[in-house]
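Participant: Below, each chain spelled out in residue letters.
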Amino acid sequence: MSLDELYREVILDHYRNPRHRGRLEHATAHAEGQNPLCGDEVRIDLVVDGGRVVEIGVTGQGCSISQASASMMAEAVAGKSVAEIEGLSSRFRAMMDLEEGDAGIDESRPGESLGDLEALQGVRRFPVRIKCAALPWTTLKEALEGDAG
Amino acid sequence: MSLDELYREVILDHYRNPRHRGRLEHATAHAEGQNPLCGDEVRIDLVVDGGRVVEIGVTGQGCSISQASASMMAEAVAGKSVAEIEGLSSRFRAMMDLEEGDAGIDESRPGESLGDLEALQGVRRFPVRIKCAALPWTTLKEALEGDAG
Amino acid sequence: MGDLSHLRDDFPILSTEMNGHPLVYLDSAATTQKPVQVLDAMDGYYRTTNANVHRGAYALAVEATDAYEGARAKVARFVNAATPAEIVFTRGTTTAINAIAYGWGLDHLGPGDRVLLTMLEHHANVVPWQIVARHTGAELVYLPLTDGYLVDTSALDGLLDERVKVVGFSGMSNVLGTIGPVAELAAAARSVGAISVVDAAQMVPHMPVDVQALGVDFVAFGAHKMLGPTGIGALWGPMDRLERLEPAEGGGEMILDVGLQESTWADIPHRFEAGTPPIAEAVGFGAAVDYLEAVGMAAVRAHEEQITAYALERLATVPDLTVYGPSDVSARGGAVSFTLADIHPHDLATILDQQGIAVRAGHHCTRPLHRLLDVPATARASFYVYSVPGEVDLLVAALEEARRIFGVA
Amino acid sequence: MGDLSHLRDDFPILSTEMNGHPLVYLDSAATTQKPVQVLDAMDGYYRTTNANVHRGAYALAVEATDAYEGARAKVARFVNAATPAEIVFTRGTTTAINAIAYGWGLDHLGPGDRVLLTMLEHHANVVPWQIVARHTGAELVYLPLTDGYLVDTSALDGLLDERVKVVGFSGMSNVLGTIGPVAELAAAARSVGAISVVDAAQMVPHMPVDVQALGVDFVAFGAHKMLGPTGIGALWGPMDRLERLEPAEGGGEMILDVGLQESTWADIPHRFEAGTPPIAEAVGFGAAVDYLEAVGMAAVRAHEEQITAYALERLATVPDLTVYGPSDVSARGGAVSFTLADIHPHDLATILDQQGIAVRAGHHCTRPLHRLLDVPATARASFYVYSVPGEVDLLVAALEEARRIFGVA
Ligand SMILES: Cc1ncc(COP(=O)(O)O)c(C=O)c1O
Ligand SMILES: Cc1ncc(COP(=O)(O)O)c(C=O)c1O
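Chains as they are written, first to last, in the numbering used here: chain U, 1 to 149; chain S, 150 to 298; chain E, 299 to 707; chain A, 708 to 1116.
Note that these hints are calculated values from the structure, not bench results.
Cβ coordinates follow ideal geometry from the N, Cα and C atoms, glycine included.
Among the clues, some could well be false.
[Said to hold, decoys possible] Here's a subset of chain U near chain E, in silico, CB distances under 8 Å, partners left out:
| # | residue |
| --- | --- |
| 1 | Leu3 |
| 2 | Asp4 |
| 3 | Tyr7 |
| 4 | Cys38 |
| 5 | Gln61 |
| 6 | Cys63 |
| 7 | Phe126 |
| 8 | Arg129 |
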C-alpha cells in the first residue's frame, strides 16, 4: 500500500496546521483558483514589494493534498524574490512531472532543495490528485501575473 | 412474389382513374385524414340528406393503396344510407383484420359483397400498408360524425 | 426476503479488479452497472435490426420501429403510464426536465411568477429553471429541510401562493436518500394551479412507481441509473398535460407539416422527439425494465432497505463518522452520504479506491444542499440490486484504515 | 481507386436477409450500419470500464472519463478542430442545431432580425429557427435553388443585408446530394456580421472536412450517419464563438457553482453538456472515426463519387425515371432521390423491399424542398463505404420489375 507514502505525516501536519493562513487586507495582488473536477478552492493574497513577496496569505478549502500543498508553498515562497519563486515553481512542476519536455530544472542550483514540498512526491503515483497539488501553484502564478507593482 | 397480388389491376385502375374525384362546394360534411408516417392524405366531402350519402367527393394524394382505397370506398358508399355504410365499414375492417375480436361481420347479410374493395385483401400481407388502405375509411367516419344533418 | 446475490453473475464488470482488489462498486447513484441481458439486446439490435425508425417503408425499418416503440411500451408498463404515448424518450433526466422548463416555462412564466423547489434538489432540477427564469423574469423559491433531513412541508404555509406556477421536487434524494413528500407537494401544486414536476432519477430505479397514482403532472427519469444504457431517459406526463407542453427541440420526425415560417406538430409523443432518437438505447432501456420486472420492484426496494439498514448500522460503529440523511430506512433510499472526522471526502475516496472500493466524493450536483449542510463535500456510498452486505463490511474496514492513515485518534 | 468491398465483412447486418433476399441496404443517408469494431468498443466499455464521468475519485471513473474525453479528442482530430474542447458532444445533429438556435438566438435575435436558410434544408435546420423566431420575433428567409439543383447564391443580392443575423445551410443535401457553397455563404455571413451554421449531418460522414478551413462559426454533425451509434453527435465551434454561446440545457456537470437564483458555468465544452453525457456512445463515436480514418476520408469520398456516378448512369437507363439532384458527381454526394413514372414512392419502396432492397420513400424531412420540386414524395437510394456496384444493379432490376407490376408502358 502506497497510501502511507501519499499521506505522509508532514502533509497531514500542513493540512491540519496550515501556515500563512488568512486573507491579507493590504494585498497588492491576489488570485482564486478552483479545481472544477473535485471542487478544491485556493485563494492567494500577496504583498509584493520591490520584486519580492514580502507577505502571503492563503485561504480556501479542499482535500489534504491541495491544502497542504498551499501551506507548504506559502512557507517556501514567503520572502522570496519573484525570480526565485519562478525557479521554485519550475522545480516543483518538474518533480510532479508537470513540465512538458525537460524545462524547469535549474541545473545551476542543484543544491537548492524543495524542503517540505518534497513530501508531495508521492502524489505522482496518483494521477487524479496531481491537479490538487498543482492548484496553489497555478493560482500563485496568476496572482503574480496580475500584480500591478 | 405476392406483389402482383398486392397491386391487382383493379387497384391500379382506381389509382389511375379515381372515381368521385373532387371537392364538393355544397358539402354538408367533410374531413381530412393524414397518415403521418408516410404522408398519405385524403379529404372526403359529403352531401348527406335524409340519413343517406347522396354525394361524395374525394381529394388527396398518396400511394396507390390509399388513393385506390378511397376511390373504391367512394364508389361503394355513394347513395347508401349511413347504416348501410356502417355495415360496409365493419366488413371492410374485418376483411383487413382491423377489428379487434370478431366484431363487424354482419352474418345476416352474407350475400352482400364488398365488390372492388375485395381487391384490397392482398394488403393484409403488408402490415405497414394496411394503414394506407384504412385511411379513407377512418376519414369517412370522421366526416359522418361531424355531419350536422 | 430475497437474497439477490445470484444476480451478480449477470454483471461482467463485477468480476473485474480495481487497483488489484476485486471491484466493490458503491457508486450506483451516479450510474449503475449493466447486465449482459441489456448489453446483448443492444448489440443484437445493431447486428440484426438497425435502421432509422418511422417513415421506413422496408421490413428492416419496420422492425427497428417496432423495437423502438416496443421499448416505449415496456417503459410505460413499468411505471404504469396510461398509454405508451405518455412516455417521451429523452436523452436523460436532465434533458427531460429541460424539456419541461423550456416547453412549458417559456410560454407560461413571467415576471413575479415563482418556481418552488426544495433545498435538496439536484442541479438538474435547479439550473433549467434558473435559465428559463432569466428569460422570463420568474424567480425561484425553496422549501427548507427539517433537522431529520426531510423536506419541510410545514414551510409551504409561507411559500405557497398564487405566484407559484411550478412545484419541482425530487422523488428520492441522490445525497440524503430522502424520499420526497410527493403526494403532499402534488396537492400543494394543484391547490394553486401550478404544475408539479418530479425529478425521479433516483426514485424510479429504486422503488415501485405508479406514475398515475402520484397525482403529479410530469415525471423525469433516466435509463443509466436503472441498469440501462447512457444516452436515454424518459419524460412522463398524462396526455392532457403533454398537450399543453410545447416541443422544446425542433427538427425531423416531430412535425406534421413544415412551412417556411411555421410548422405544425406531430402527435404525442413524437412531437417531443426531434431528430433521430436514441434507438439502440431505447432497446437497452426496454431490456433493463424487463430485467427489473423479472426481479420485481418490490424485491428491489426490500433488498435496498435491507442493505441500507445494514450499512447505517455498520457505519454507526465507525468513530467520528457523520451520516447525512434520515435514519429510518422506510423514509429513504440507498444513497448514504457521510464525512469522517476531518478527512476530506476526496482523500477518503482515494483511500477507498486503493482498496478497490468505488465511492463518490464531492457535492454530488447539489451545491445548495451542501451549503445548507455546511460541508463543502461528502463521500457517498450507494447500492443497487447487485450490492451485497460483504461490500458494506469492506467499506467499513477501509474507513477504519483511513482513520489510521490520517491518525484520527 | 480503392475497391472497399472487403469492408463488408466488418458489418454483420450486411449478411442478413430481408424478405428472403440478401439485404441490399441503400438507406445510409438515414442511418448507416455499424462495424464490429464500433460495437465491440461499446460493449467492451460497459463490460470493463463503465462509471459516470468527471468528479470520480476512483480508478474506474478516471478510466471512464479518459475514454469519454479520449473520444472527444478523436472526433476533434477527425474534423481538425483546434483543440478537443471545441467539440461539444450532443445527442445528435438536431440537438446541436437546437443548442445554437436557443443558446445564441434567444439572446441575440429580435423583431425584424432575419435567419437566412436555403430551400434544401433538412427540418433540423429549419424548425429550431422557427421556434426561436416565435420567441424572439425574428423571421426566416430562404435562398432558392438553381435549375441544376444548386443553392442559388446569386439571390444573396436581394436577401443579404444587416437584418440577417444567422446564415444556416446544409453542407450536403440529404435529398439532392448537393454540396453546399460553404465558402461563399460563410463569407456572406461574415460580410453582414451574421453567424454561420453548417448542418454537416451528411457532409462530415462523406467527405474530408477541416472545420477550421470552412471559415464558419458552427458545424453540427452526428455519429449514427458515420458508422457510430445512435444517441450522440457533435457541435463544433472555434473557442471565441463557443464563448459567446449560452448553454441551452442546464443541469449537473455543466456548472462551476450553483446559487439559489443564479449559477456560473463550467469551462468549455463542459458547460454545454448538462447531465450524464452519452458515455458509451462517445466511445462508439471514437471507434467510428478511428475506422473511417483507417479507410481514409479521401478514399471514402472517391468511392462514393464512383458508386454515385455508376448509379446515375444505370438509373438513366430506366425509362420514365426522374432523378432530382446535380448530375455532376463532383458537386454532390451519394444520396440519389428519384421518382418513377406515376408510381408513388411508397409503392416503389414496397416493391423494392420485397426484393430485399432498402430505400427510403417520403419527403426525407425536407417539406419545403419537396414543395419546390413539386412532388409530395421521392424515393431515395443512398450509399456508404460498404455499398457495392452490384447493389446498384439489383436496384435497377427491381425498378424494372416495378414498371412491369404497374404496367408502365
Ligand atoms: C442534412 C441532415 N440534417 C440533419 C439531420 C438530422 O440528424 P439527426 O436525426 O441525427 O439529428 C439529417 C438526418 O436525418 C440530415 O440528413
Ligand atoms: C436526483 C437526480 N436528479 C437528476 C439527475 C441527473 O440525471 P442525468 O445525469 O442522467 O441526466 C441525477 C443523477 O445524476 C440525480 O441523482
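Participant: Would you list, in rising numerical order, the hints stated earlier that this structure does not obey?
Facilitator: none
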